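Given chain A, work out where chain B should sit, using these hints.
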Amino acid sequence: MRRKLIEHIGSIAFVALIFALVILFLKDREASDRRARAELVAPYLKLPSVDFGNPRDRALFRETLDLFRPRSRAANDSLMKAIEAYRMAQFTDPGMKTGTGDRGLSWPAVRRLSGMYVRFIIVYAIVLGLTFYAAQTLAMIRFVRMKQGRSSYCAEFLGRAKAWNRPEAGLSRRAGVVPVLVPLFKALAKGIAYAVLFSPAYVIGYALRAGFEMDSVLFMIVLGVVSNGLLVNYANKFYTLLVAESRKGYVETALVKNLSGVYAWNSPEGISYRSLLRLPRRFPGHVLQHVYLNARHQYFPTLKEQASFLITGLIIIEMALNIQGHLCYELLQNILYRRYDIALTIILGIFVLVKVTEILVDLRQHREERRYENRG
Amino acid sequence: MKIAANTMARIRLAFLSSQHARWAVLWFAGMAVLLGWDLLFLNRPALAQIQTALLNSLVGGFLVVLFSMVLGWLSALGLHYLEQGGNRTSYLLLTFSLNLLRSLPQIIGILLGYVVLTILILQDVLRAPILQVVSMSFVVSLFVFLEVSDLIRERIGHYRALDFFDAMLCCGIKESRIINTEILRKNSLAHLVHKAVAVFGMAVFLQCSIDFIISVGLSTEVSSTNFPATLGSVLARMDSKQDILAIGMVFTDVSYITALAFRHLQGINIAFIIVFTLVCTYNIANGLVRRYHL
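Taken in sequence, the protein lines are chains A and B. Using our numbering, you'd call the opening residue of the first sequence number 1 and step up by one each time. Using our numbering, you'd call the opening residue of the second sequence number 1 and step up by one each time.
Excised from the complex, chain B in its bound form:
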């Protein structure tokens, strides 16, 4: 009994003292409450649509994180070795290309990427939905990986300035091992996790926005319905838009607020999931900063 009480007290303490864990639990709790509410009041086809869209968006978000980490790591290490190797022309070319990518507003870049995806869908190259989700995520990651690249470069730069780097080189440890194991894995994991959370939030936001935007279509033959359903594309459907429009009714008739939770559940649900996920992601990232003094 005493052990159970102690364990509970420890969990409670950990829960209260770490903001990131609190918000992660809050997100799951929020989603569980929403699911319960939907099971009671939302029709089954709409619920199935939302579940598929949520799953696709989350999978998309995780894939963006994965791709961004790989691309960020590759570009940061590429720049590092080109700089160290004295290969000035290649270094300048790579820096120039990355800066070019940085200056292009993300949504424009993703929009152009979606135009290419549309062409591939029209030519029947991209048929399987999972392949489409992967390619959509890859396109998004092309415009967010620079944050990861900057972070890795900054971490390498920080540790290079310390004696520890040269000392390890003197001990005969390979530079790649120092960077990948000692700097990135052992001393920058918290930073990378924090960045991964931030990238996830950004990915969800960008993917929802682009899917909402292209609901009018990127070609006269292909529209967002040709892509796998995500939160953004389901929100862009007429019935969801009507639900969001209904929020405006509350300003003229406050009592209508009760109707929102029953009559306009689909659109309100998706909007809530998007906003709640973004808020929770922001707080989890902030909690990590506070916990690990990043």
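Extracted from the complex, chain A is given alone in its bound form:
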């Protein structure tokens, strides 16, 4: 465990050092670039009789340049472009404006970013907790359905539609078409749910933009949980672990030793919805208890990659939906306006968040493993 901790802390220190060096290099280069640009155009901008805001003056200046330096038309072009770019930057570049507050990484900027960072951490923690719970719940429901020998809703619908004409199959015409159509509606609902769960956040976000407040924390949380395929993918991972665990030898032994292996919903020896939904999940006297606990033990380390993917999802939400005043929107804006010092600080903050999650997961896993090995 100590080796892992050293690796985590070492990587944080390494990235912080690299970013600090990059920030110093960029600041130095930016200042020298700006100076060079200003030095190049300054003599021309000081010409008393030329107003570069006036198109006629610009054209006259250009012709004069061509007259003086007829062999270097390309250089004249570049000079005109540089003058235009400099003049435009005087209006658009916050770095050249006066009275716009602090421009680089300063204490007020850090304080402002800290507030956003704390809000980002809160949203992240809530979404991580919710997806961890929901992924396990969905996987358990799918696992129990598989154990019940249930086929897909589409297959169920086709089976019932075929049996509808045959009274010996249990579905008579007198019951109407409703029992036949129910699986079809369920299949449709499942299809819509899949479409939503797999939709990138910006598709759902823009579709709901008219009716919801985009910048509310609640909206972010809901979108973070249901979009980008996060829930489906991690539910699938947990389901795979449950299936793999259920094939192991100890399950057979447990069944022989009289633990229940009935997977019917809400039957005395089966699985109740309540025990499936509540926390902590308990299935006393049922083999699922052991399958679940062992699968959960293996699933826990995937929280590390889930954390990284979840942050990817949150970043997509904040950036793509232009949610102003949020950390990742700020990151994009800072990249756009080349304030790389602030951008790299935000990225470092996000990296530290992932690393802290990894450390917590590793610590918890280490403690559990000690307990499993009767060392803790």
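No lab work stands behind these hints: they were computed from the structure. None of these values were measured; they are calculated from a predicted model.
In silico lysine to aspartate or glutamate, EDC-like type, Cα no more than 16 Å apart, as pairs:
# : chain 1 : residue 1 : chain 2 : residue 2
1 : A       : LYS304    : B       : ASP150
2 : B       : LYS186    : B       : GLU175
3 : A       : LYS304    : B       : GLU147
4 : A       : LYS237    : B       : GLU147
Only chain B this time, still in chain A's reference frame:
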């Protein structure tokens, strides 16, 4: 006649019993229906844009798979040989670098990669669109290849623990041949194909997301329009965004749903292609898991 009927029955059985094949066929069928609909109701310039964007996204996805496989294979074998060779320092350094890459959220890494691409475009280094697609795919693959690397390491580790590995070494077969041919090609192909499908889905998702995000631009001189059109960048255009916004109208006026399929076809089309491709990819990967008991 009987042979034809038998063949049809066999195809039907194969189609019904293998989820991955079913979903692959479903994807092609879905795309064909969509194309038919677009030919009837979507204007030609928009259709051409969508076709180019789809092609670029698919080519990008395949390139990401290719790069990820190569990078994953190289890093896994590198780690394996460094570990076996007792080169502890190099092994730790490589592990450290890979773990560092793993901890960086993919979208951040890709965003940083796109900043570099933007600089290269500004300096006229990356001019040809195909070169831009290749470099975009390479950037994406840098942040997804670790899954392939982990899988290959896991497969090598699994077979190393069996007698078969040592037995082959005793027979004088080279370790590289055991790993590349016996373990990876002969015994892990299904796993690799499954991973390739999953990586493809991830690549499409990440590429669309990053192209949508950078629609505001990564520099004041370069925006997503400087990159080749992909599904994400076409979806980020104002008219497509308006189409997606129109979905919200259905909540207040249900009858508007019919207008979506005719009046707001461009945005709805792209959103459908993205979501449908992701759903199909997920189901194909799941089908492979079920079929080959991965």
